[in-house]
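**Student:** Now for the letters of each chain:
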Amino acid sequence: MPLYYDDDQTMLADSASQFMAEEGAIKKQLRHYRDGDCPDGFGHALWKQFGEMGFTGIMVSEADGGLGMGHVEAGIVMEEIGRNLTPSPFLTSSVLAATALGHGSDEVRGRYLPGLLTGDSVFAVAIDEGAKHRPERIKTKAEKSGNGFKLSGKKDFVIHGASADMIVVAARTSGAEGDADGITLFAVPKDASGLSQDAVRLVDSSVATHMVLDGVELDGGAVIGEVDGGRDILNRMLNAGRIGAAAEGAGVARGAMDMTIDYLKQRKQFGKLIGEFQALQHRAAHLYSEVEIARAVVIKAQQLLDADAPSAELMVSVAKAKVGQAAGLAVREGVQMHGGIGMTDEYDIGLYMKRDRALQEFLGDVYYHAERVAQISGY
Amino acid sequence: MAELETFRAETREWLEANCPEEMRQPVRDEEDVYWGGRNAKFKNDAQKSWFEACMAKGYTVPAWPKAYGGAGLDAGAAKVLRQEMSRINARPPLSSFGIWMLGPALLKFGIEEQKVHYLGEIARGEIRWCQGYSEPGSGSDLVSMQTFGEDKGDHWVVNGQKVWTSYADEADWIFCLVRTDKANKYQGITFMLFDMTTPGVSTKPILLISGNSPFCETFFDDVKVPKDQLVGELNRGWDVAKYLLGHEREMISGAGGGDRTSAIGAAMLRHSGELDPMLRAELAMFDVDALAYGAMGEKFLDEIKVGKAHPAQPNMMKYVGTELNKRRHELMMSAGGSRSLEWDSEETSGGKPSRGWLRTKANSIEGGTSEVMLNVISKRILDLPGA
Numbered sequence: 000m001p002l003y004y005d006d007d008q009t010m011l012a013d014s015a016s017q018f019m020a021e022e023g024a025i026k027k028q029l030r031h032y033r034d035g036d037c038p039d040g041f042g043h044a045l046w047k048q049f050g051e052m053g054f055t056g057i058m059v060s061e062a063d064g065g066l067g068m069g070h071v072e073a074g075i076v077m078e079e080i081g082r083n084l085t086p087s088p089f090l091t092s093s094v095l096a097a098t099a100l101g102h103g104s105d106e107v108r109g110r111y112l113p114g115l116l117t118g119d120s121v122f123a124v125a126i127d128e129g130a131k132h133r134p135e136r137i138k139t140k141a142e143k144s145g146n147g148f149k150l151s152g153k154k155d156f157v158i159h160g161a162s163a164d165m166i167v168v169a170a171r172t173s174g175a176e177g178d179a180d181g182i183t184l185f186a187v188p189k190d191a192s193g194l195s196q197d198a199v200r201l202v203d204s205s206v207a208t209h210m211v212l213d214g215v216e217l218d219g220g221a222v223i224g225e226v227d228g229g230r231d232i233l234n235r236m237l238n239a240g241r242i243g244a245a246a247e248g249a250g251v252a253r254g255a256m257d258m259t260i261d262y263l264k265q266r267k268q269f270g271k272l273i274g275e276f277q278a279l280q281h282r283a284a285h286l287y288s289e290v291e292i293a294r295a296v297v298i299k300a301q302q303l304l305d306a307d308a309p310s311a312e313l314m315v316s317v318a319k320a321k322v323g324q325a326a327g328l329a330v331r332e333g334v335q336m337h338g339g340i341g342m343t344d345e346y347d348i349g350l351y352m353k354r355d356r357a358l359q360e361f362l363g364d365v366y367y368h369a370e371r372v373a374q375i376s377g378y
Numbered sequence: 000m001a002e003l004e005t006f007r008a009e010t011r012e013w014l015e016a017n018c019p020e021e022m023r024q025p026v027r028d029e030e031d032v033y034w035g036g037r038n039a040k041f042k043n044d045a046q047k048s049w050f051e052a053c054m055a056k057g058y059t060v061p062a063w064p065k066a067y068g069g070a071g072l073d074a075g076a077a078k079v080l081r082q083e084m085s086r087i088n089a090r091p092p093l094s095s096f097g098i099w100m101l102g103p104a105l106l107k108f109g110i111e112e113q114k115v116h117y118l119g120e121i122a123r124g125e126i127r128w129c130q131g132y133s134e135p136g137s138g139s140d141l142v143s144m145q146t147f148g149e150d151k152g153d154h155w156v157v158n159g160q161k162v163w164t165s166y167a168d169e170a171d172w173i174f175c176l177v178r179t180d181k182a183n184k185y186q187g188i189t190f191m192l193f194d195m196t197t198p199g200v201s202t203k204p205i206l207l208i209s210g211n212s213p214f215c216e217t218f219f220d221d222v223k224v225p226k227d228q229l230v231g232e233l234n235r236g237w238d239v240a241k242y243l244l245g246h247e248r249e250m251i252s253g254a255g256g257g258d259r260t261s262a263i264g265a266a267m268l269r270h271s272g273e274l275d276p277m278l279r280a281e282l283a284m285f286d287v288d289a290l291a292y293g294a295m296g297e298k299f300l301d302e303i304k305v306g307k308a309h310p311a312q313p314n315m316m317k318y319v320g321t322e323l324n325k326r327r328h329e330l331m332m333s334a335g336g337s338r339s340l341e342w343d344s345e346e347t348s349g350g351k352p353s354r355g356w357l358r359t360k361a362n363s364i365e366g367g368t369s370e371v372m373l374n375v376i377s378k379r380i381l382d383l384p385g386a
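Those sequence lines, one after another, are chains A and B.
Heads up, the first sequence is in numbering that gives the first Met the number 0, so the first residue is 0 and it goes up one at a time.
Heads up, the second sequence is in numbering that gives the first Met the number 0, so the first residue is 0 and it goes up one at a time.
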């Protein structure tokens, strides 16, 4: 398959691009909800519009009422979200939770998917325990209790956890901390007794929670997939979420780069446009190269995931790491090349820097994924 | 799609039957590369039979039309062939500047007789070409070149000097930039082709820091070149040169995959037995970049086939690919330790690691320096002012 969008994907990209530039623009969404001190950090009205556009169900099977598309298509929406810094529960709901729910029972799918499709419901995933992403080591316990389970543990960095109707929680039902087996995924409703969340606003104005599960009782129907056999679904979720975050990061990189190149063509110093200075030209050209490569490896990994290819796992980590480097460079060069004005809140370039930082951390940073590349490659 | 899958199956079968085991090993030294030409010698029977099988099938230049010695494969089929060859590590049957550089220029600018004649010779590996571009006073500022062809009616008399002429001492013919109008900088250059055995042509190898001499100085002393041996129009050779440089940059970039851009961490561990933690980390970061660049190379080739790639994109590929290859060899030297310092030991096949490492330093100079590449990206892709 060639590494560019086919006709249908190009049409989707055009409509997503136009929609996000109009409805998801920084002023209309990110600044509006940030400055209004919104507890969710995003707009439910826009999320409903995502539903009307069909974006919410992009990865939900057609049998379940979705569009039945793949990672390439979800990535198209993610990249536009990134370019416009649109605060949205798309990644946690339509990519991560949707991937898990695809493996859920009829009961679980029937309960949650309709709300996802319309954009009435929001979903979150609770994976991390502690400040770094370590999904290999999950301590949260789920013990058999009656005909269901009782969950105890702590989760961190639960993005949109406070706004979510349901949170997908990864917990250990058997085995020891580092075991691959023994993980089970649960659909935990927001009002479950024993569930408490402490919401915190992050540097990019998104809202995450520290979550405590204190003997949360769930019936057997809350299990997604097989008891003890959740690692495979968790890995699929992680792959989907990581490449989704990488696509968003590629969009952040492009947005920051475009804004910066534009600025080089407007700002004058020493009687010249600063874009005439070779010291800046070479750095801009280097940045362009890095961003192009990051976008290429994202689509490569998306296609491999869609084809269920064995090398997808490796390329997802390559993509997340490469995007981390390229987007990090884009926002740092962006602020530096804007000079003093880049430090002001009034200018948008700083917002790109903040969003990039949060995305870097989500589902594994450059170092985590470079380490994974080494391990998967056998060294 | 079904057609391509049929072609893939046929190709796999054909490769199985025709690509000898010895030709499925990485290229280890210069002798493993078959360059063709009047004085060509095959290293062994495997090299010969692999070349001949490919030539008969048009696979020395698979995407060229059949009339010019190619196989006439379209973009999709050419990619399948490339993938299938790389899957079994098949070596290129024939390497030449004729294939990578002159060929594409002739396909675009040549007249029919030239295509049939010169392209056919290239495809059959009969003539080995070299490139006469740089001069002692004209490196990055190539258009300032002075080698002059004086109009003598039915021929030119060429005088001047070229430098960094790769393998000029082994080449049969040269494609060469010659000034034919001193008053006109850009539109005063003609793209000429002539035989290296023409009286007045001499070459002198240049000893490099690697201890090898892949490049020459090439001197022209009253060299007679017939008027029909030009490509494109008189005084419009710069257009041909620029187009050809795009292909040269693409070639140097390693966009087609292969050694230059492959991941190396696992191989370094096998080679060294253990890796220092910080070196391992550097290797992992390198592999991220190398694998990502591999995807970029694939995307670039896919896009170029359908005209989606930015025309200046080869400059970006060249910049990144060559910087990556230099970094790769720095890491290989570090992983190899003191063994990799050996200059002529048997264990290193005559200093292959150190000589190879030094050779890569030219990657970001030849065919346009990294700095020139960044200038071109600034100007033509980013549209920055005054660039």
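These are computed hints drawn from the structure, not numbers from a lab.
Since we're looking at a predicted model, the values are computed, not measured.
Just so you know, even glycine gets a beta-carbon here, dropped at the ideal spot from N, CA and C.
Do not rely on the hints blindly, as some may be mistaken.
As the list claims (entries may be wrong) - Using C-beta positions, here's what the derived DEER-type ranges look like:
(1) 384/B with 117/A: 54 to 60 Å
(2) 268/A with 7/B: 55 to 61 Å
(3) 385/B with 138/A: 54 to 60 Å
(4) 306/A with 16/B: 52 to 58 Å
(5) 131/A with 41/B: 43 to 49 Å
(6) 384/B with 6/A: 34 to 40 Å
**Student:** Are the hints correct? Go through all of them and say.
**Tutor:** We went through each hint and held it up to the structure:
1. Range check, residue 384/B to residue 117/A: about 49 Å between beta-carbon atoms, so the 54 to 60 Å window is missed.
2. Judged by the Cβ atoms, the range 55 to 61 Å given for residue 268/A and residue 7/B holds: they are separated by roughly 57 Å.
3. Restraint check, residue 385/B to residue 138/A: a C-beta distance of roughly 59 Å satisfies the suggested window 54 to 60 Å.
4. Checked against the hint of 52 to 58 Å, the pair residue 306/A and residue 16/B fails, with Cβ atoms roughly 29 Å apart.
5. About 57 Å separates the C-beta atoms of residue 131/A and residue 41/B, a value inconsistent with the hinted range of 43 to 49 Å.
6. In this structure, residue 384/B and residue 6/A meet the distance hint of 34 to 40 Å, their C-beta atoms being roughly 36 Å apart.
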